[in-house]
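If you want the building blocks of each chain, they are given just below.
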Amino acid sequence: VTVRTHTLVIVALLAAVASETPVHAERLVASLSTHRVSITSNFTGAELVLFGAIERDAASVSRRGGYDIIAMVIGPRQTLVVRRKERVAGLWVNAGSRTFVDVPSYLATLSTRAPATIAAVETLRRLQIGPSYATEDVFRAAVLRLKAQRRLYADGANAVTFLTPTLFRASILLPADVPVGCYDVDVKLFADGAMIARTSSALDIVKDGFEQFVATAAREHGLAYGLASAAMALMTGWLASVVFRKD
Amino acid sequence: VLIHLPIADLPVNIFLILAMGLAIGFISGMFGIGGGFLMTPLLIFIGISPAVAVATVSTHIAASSFSGALSYWRRRALDPQLASMLLAGGFLGTASGIWLFTLLRRLGQIDLTIGVSYVLLLISVGALMSYEGVHAIWRSRQGRPAELRRAGSHAWFHALPFKVRFKQSRIYVSAIPVLAIGFLMGFVGAIMGIGGGFLLVPMLIYLLRVPTNVVIGTSMVLTLVTMTTATVLHAATNHLVDAVLALILMVGGVVGAQFGARAGQGMRSERLRLMLGLLVLAVGVRFAVDMVVAPIDPFSIRIAGE
Chain A
1 VTVRTHTLVI VALLAAVASE TPVHAERLVA SLSTHRVSIT SNFTGAELVL
51 FGAIERDAAS VSRRGGYDII AMVIGPRQTL VVRRKERVAG LWVNAGSRTF
101 VDVPSYLATL STRAPATIAA VETLRRLQIG PSYATEDVFR AAVLRLKAQR
151 RLYADGANAV TFLTPTLFRA SILLPADVPV GCYDVDVKLF ADGAMIARTS
201 SALDIVKDGF EQFVATAARE HGLAYGLASA AMALMTGWLA SVVFRKD
Chain B
1001 VLIHLPIADL PVNIFLILAM GLAIGFISGM FGIGGGFLMT PLLIFIGISP
1051 AVAVATVSTH IAASSFSGAL SYWRRRALDP QLASMLLAGG FLGTASGIWL
1101 FTLLRRLGQI DLTIGVSYVL LLISVGALMS YEGVHAIWRS RQGRPAELRR
1151 AGSHAWFHAL PFKVRFKQSR IYVSAIPVLA IGFLMGFVGA IMGIGGGFLL
1201 VPMLIYLLRV PTNVVIGTSM VLTLVTMTTA TVLHAATNHL VDAVLALILM
1251 VGGVVGAQFG ARAGQGMRSE RLRLMLGLLV LAVGVRFAVD MVVAPIDPFS
1301 IRIAGE
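First to last, the protein sequences are chains A and B.
The first sequence begins at 1 in my numbering and counts up one residue at a time.
The second sequence begins at 1001 in my numbering and counts up one residue at a time.
Only chain A is shown next, with the shape it has when bound in the complex:
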């Protein structure tokens, strides 16, 4: 019995060391209002709610600066080609291009206040919280700007609100052309400029019903899908000529 108890203690200690937060006793729990968003024919975007709580116990020290939350919603990775138009012989044509691999297709950074005021830039960079810090690379800047224009990248500096000192919530807005796939939701708790706890959740965005049927057919049975589309076109054309026949 004693051996077993010792093992348990060691495992618990290891777990505490691994989580990097052995001295802080706060625990962070978070969840989403839904873990599955289906895109059907009437999908025009969606709003999800992220909510969570900070659990304190007797060992928790009081935090003079209060708590801050930075939550990131990260969509499936994609390879992007960025092209730049340049003036060639008086004409604007696509001249330069750059390829970025493993770019998040969707990225929302939601926080209680601007991340730069929550922790040092170095800390944020190490924790890969971004992409709001400035970049000198014009191609990278173009990705951030164009993604933001399509509301696929969002910075919500005041998006997380505390309902009580330990209970928070945030809205996640998904635009109508949100890419399908598996999304990671990563929530980090900060106090006094340092991360003291983190938790994660996941979200699936899938096509459903007729949408899914068409998308799957187009992808997996390309030739049959093409023949069916062509047949549909000919049928429609023929039908119209019969309906509108004068004689």
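Hints may be right or wrong, so weigh each one.
Quick partial rundown of chain B residues pointing at chain A, CB under 7 Å, derived from the structure [as the list claims (entries may be wrong)]:
(1) L1002
(2) I1003
(3) S1071
(4) G1115
(5) T1231
(6) H1239
(7) M1250
(8) P1295
(9) P1298
(10) I1301
(11) A1304
FYI, nobody ran anything at the bench for these hints, they're computed from the structure.
Beta carbons are placed, not taken as given, at the ideal position from N, Cα and C, and that holds for glycine.
Knowing the structure of chain A, use the given hints to seat chain B on it.
Chain B alone, transformed into the frame defined by chain A:
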């Protein structure tokens, strides 16, 4: 009423798409052109990715040209013999066009080449047709007959061998220029991704002296065959045909094409040619302005492989 498109992956207003189909269908039925050079930019403008737009427009055009071709067929206003010979040249042209496309792509000059030649083509064809249309209208105002089929005004290619008699078109010409026109259509179509009806119609009228009403029906048969083939190829290779978008477009398109064909039949042919000329010219100028004026944002992003 918004509907989310399964392949284009964005919601669109059904009535907006129907109206677009109707308008372009009307133009297409009236002039016997596919209208892809008008529809593709429109779809890109409302936010659909260029690759999906090009692939889906081919399906839409297949429908409206089939409906148009059937009604011209019933009026015996198309020449199947001429159409099949043009198609034979067209297949060779498409093959060579794809070869050149691949070559240019390897050299990295594809965007500039396509952009410039497209603009030059539209502007020169549009300007020529407009000029000829104004000239013909002015001539008929003066009381002189429209001299489209001038007897004895033979161009050099009328002297070529392998003469064929096209009964429906009532022309007797060498097979060589017919095949050459078909070849050019296929070639240009493959490089620029256009059906090329707006090129075929004037070439048949001015070079081969085919009567205008037969030209439109014949051009529709060509458009039908190339666009049906394009639909199947686009779907099989790139998986980019949005069947839902195509269906909404074609419902508007076939109805529009019927009214357009009727309006076209009741109109004086020189006026019809002037209007088509001005339309082609306007699109050409629009693209030219795009190339000369500095873009609002010189950067654009797309997902690799699309």
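What hints, given by number in increasing order, does this structure fail? none
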